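Chains A and B, in that order, give the protein sequences.
Numbers given in my numbering equal positions in the first sequence, counted from 1, plus 322.
Numbers given in my numbering equal positions in the second sequence, counted from 1, plus 286.
Worth flagging that the hints you see were computed from the coordinates, not collected in a lab.
In this text, all values refer to a predicted model and were calculated from it rather than measured experimentally.
Ideal Cβ placement from N, Cα and C applies to all residues, glycine included.
A portion of the hints provided could be inaccurate.
As the list claims (entries may be wrong) - Distance ranges between label pairs, derived from CB positions:
1) A:A695 with B:L568: 29 to 39 Å
2) B:Q426 with A:G347: 35 to 45 Å
3) A:R696 with B:V318: 53 to 63 Å
4) A:K444 with B:Q394: 36 to 46 Å
5) A:A387 with B:V318: 49 to 59 Å
6) B:L616 with A:A789: 30 to 40 Å
7) A:R696 with B:L568: 33 to 43 Å
8) B:G517 with A:G347: 28 to 38 Å
9) A:A829 with B:G517: 51 to 61 Å
To be verified - Partial chain B-side listing against chain A, Cβ under 10 Å, derived:
10) R313
11) A509
12) P515
13) S572
To be verified - Computed far set for chain B versus chain A, every beta-carbon distance over 10 Å:
14) L315
15) V319
16) L347
17) L399
18) Y418
19) T493
20) L514
Now for the letters of each chain:
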Amino acid sequence: MAEPRPVLEMTGIVKEFPGVRALSGVDFRLFPGEIHALMGENGAGKSTLIKVLTGVYPLDGGTIALDGQSMRIDSPFQAQQAGISTVYQEVNLCPNLSVAENIFIGREPTRYGRIQWSRMRKDAAELVDRLGLDIDVTAPLSSYPLAVQQLVAIVRSVGTGDSDGAGAGTKVLVLDEPTSSLDRDEVLELFRLMRRLRDEGVAILFVSHFLDQIYEICDRMTVLRNGTLVGEHLVSELDQVGLIQLMIGKAMDQLEGLHEHQLHAEVGETLLQAEGLGRTGGVAPFDLEIKKGEVLGLAGLLGSGRTELARLLFGADQPDSGKVTIGGKQVSMSAPNDAIGAGVAFCSENRKTEGLVPDLTVRENIILALQAARGWTRPIPAAQRDELVAKYIKALDIRPANPEARVGQLSGGNQQKVLLARWLITQPKLLILDEPTRGIDVGAKAEIQKLVVSLSEEGMSVLYIAAELEEVLRLSHTIGVLRDRKLVARIANGPEITPTRILETIASGEHQ
Amino acid sequence: MSTATKTPTAPDSRRTPSRAAQLLGDRRLPVVVTATLFLVMYLVGLGRYQNYGFGEPQVFLNLFIDNGYLLVAAVGATFVILSGGIDLSVGSVIGFTTMLTAWLVEKQGLPILVVIPIALGVGAFGGFLMGYVIHNFEIQPFIVTLAGLFLFRGLCLIISKESIAIDDSSVSSMAQAQAQLGVGFLSIGAIIALVVLAIAFYVLHYTRFGRRVYAIGGNEQSALLMGLPQGGTKIAVYTVSGFCSALAGLLFTLYIQSGDPLHATGMELDAIAAVVIGGTLLTGGSGYVVGTLFGVLVLGLIKSIIQFEGTLSSWWTKIATGVLLCAFILIQRAMTARKKT
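Hey, can you work out the whole structure from these sequences and the hints?
Right, here's the structure in full:
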């Protein structure tokens with residue numbers, strides 16, 4: 323990769339938001355004909371750097387040079403004009419228009435101001451063809467699955483940059499997590515297109531959470547941490563363990579102690595007892611017991627009824643059989659309010675749609691459940707409220723540590739922590755965590771797992787749901803195994819329990 | 287590199303929706319439904335009132351004559367709704383235009399040919415201002431145009447609290463001018479409305495501006511990130527709506543030959559109803575201006591049928607409109623619900 327001159331050079335980039343310094347003096351360069359990974363944890367500044375480059379955010383300091391020429395980028399339109407195109411994680415196209423229009427809109431071929439539809443369709447078909455794709459350009463975009471829409475977005479960005487839309491105008495192509503919702507075949511098709519464009523001399527900036535994908539497709543990578551540059555490396559010269567250490571800035575082994583600890587921890591008397599609880603179409607009737615300070619992990623495949631079981635215990639779905647007693651008292655469980663009143667808290671797996679209010683501040687989001695529990699007629703005094711919020715921001719290390727920041731602007735891991743803080747502040751007896759570590763980075767995952775252990779030490783019971791068996795095994799005292807919407811086994815955790823054993827149980831439906 | 291790859295196109299059975307779903311997903315379907323509805327209503331009318339002259343071609347042409355102003359207003363509203371917005375000021379701008387025109391012609395003695403560009407300019411400027419506020423201060427169009435609704439209605443009363451009849455001879459001759467079509471005639475207002483419809487169709491489908499209106503209505507955030515000048519487009523859309531409202535006001539003045547501070551109260555809702563019945567999604571991005579024509583015709587036909595029925599009170603127009611609107615919104619819901627899956 324001895325390219326003489328980078329096509330893009332960003333030097334000393336600074337970007338500040340109210341109360342946060344998202345980027346402080348980051349350098350970044352990109353060579354033509356390479357695929358370059360931008361790595362870092364959630365909140366490290368990857369998205370901010372991309373948005374500065376593509377003109378979504380104005381720059382607070384530093385310079386951007388394209389082809390050796392210093393330039394200002396004030397809008398996405400300007401960035402495209404200069405030859406920097408972006409494909410975001412969410413497909414940013416118009417589903418109501420045809421594929422051809424999506425590729426050409428804003429630069430449709432016209433004659434005397436009249437759009438030449440036939441020429442546009444022909445050009446679009448040629449462009450799609452040249453890139454080795456097979457897409458009917460006259461069909462509406464919404465008739466295609468997300469993966470194809472993603473490819474169309476790339477085709478569009480390759481075509482932008484020159485007015486007649488013949489292609490080859492794009493110098494820099496930015497792909498911000500394009501693979502997060504694609505399956506393996508779709509990813510391969512995307513990679514094929516990426517390699518093709520690279521061979522045509524396009525510089526590609528690729529962001530992905532999947533390390534394997536980075537190692538499969540990228541030539542070089544730049545690592546960010548906390549808004550600063552950690553280093554630039556050739557992918558072939560840095561292994562995955564080394565990369566993770568650079569990303570989180572500390573060694574990985576700190577999680578190992580947790581398991582040992584949990585195996586020896588004591589649990590108290592019974593907190594929750596469910597007998598014959600079930601719901602048609604949800605989970606078959608089951609018996610379950612959770613002790614005080616116990617972490618009960620739920621293992622099972624996606625769709626095996628893990629979430630449904632948790633929702634029954636929270637009253638989010640109404641059971642049609644069985645009863646629940648919490649702390650010796652029977653609870654009706656006809657609505658979440660009953661469960662909240664009995665000291666149950668539920669962190670949903672869809673933190674964006676079922677949990678947080680992105681337009682409210684961190685403080686408001688944290689205080690929401692406590693205020694709801696007290697009732698709207700008894701507001702929490704401001705001083706007490708601020709103190710509580712400050713305490714939990716500190717305890718969970720929510721970054722930025724600014725109670726007035728809007729939750730929507732936080733990274734995924736920090737949003738998860740805000741959601742946790744909201745429930746912890748109500749001091750529940752039982753905390754239900756449904757996939758708390760999904761979609762967040764390695765460092766934040768470790769922190770949340772440590773938090774679960776310390777909560778259980780303090781006597782809080784936790785129902786822990788996670789797709790990763792290692793996580794469940796590491797944290798749980800007891801493991802409930804679900805299969806086909808049935809609780810098939812309850813296993814006391816111990817040194818002899820391994821992920822393989824659990825998998826065997828899931829597969830066979832019985833525990834030996 | 288090998289180009290052998292799976293083809294993610296329609297023939298792939300896994301990705302091909304069923305025929306019924308495909309039909310439901312076709313964006314032209316709502317227009318077809320509305321056009322069919324119009325046809326059925328017309329045939330039912332023929333069956334019931336043929337002896338009373340319902341079959342006369344002029345009855346059909348009167349639909350255009352009596353609703354020309356509504357068609358123009360609804361075309362403007364189509365632009366706004368396609369872009370994902372809403373314009374509540376339509377009725378007030380129409381009312382204001384009738385007052386302004388009547389006042390300028392009768393009290394100030396200006397010739398109508400001078401008054402027309404003034405009225406159009408004022409309406410377009412009002413729309414431009416609302417669009418400017420909506421875009422630059424990022425305020426909901428609902429609120430901004432609601433303010434416009436009150437503002438223009440108030441301005442009517444500033445001009446005069448009384449209605450002003452127009453006796454000017456050139457206005458009357460313009461109002462009474464007829465274009466003979468052999469089987470009947472059309473008024474100037476009806477012809478202008480049809481011309482506006484044709485221009486709107488061309489603009490929406492054959493200019494970059496028109497496609498940007500669809501793009502913004504489909505996904506405004508995407509349109510911005512695709513580098514489209516969405517701000518300018520939005521302002522232009524409200525300007526178009528203001529202009530159409532003013533033109534509708536002029537046609538209404540011709541039709542009724544007076545200015546009145548209470549003219550066209552609530553007509554924005556008729557316009558929106560016509561657009562929705564015509565198959566345009568209230569969420570924006572999908573619909574055709576031809577559908578709006580059928581929406582207006584259906585509303586007009588309801589009025590005609592109720593007149594022919596003779597015994598029904600005119601409130602049945604509102605009831606029928608309400609029922610239709612409900613039905614069409616449910617159809618829209620069925621269509622959009624399918625797209626999410």
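Exercise for the section: Against the earlier hints, flag every one the structure doesn't satisfy and list their numbers going up. Expected result: 4, 19, 20
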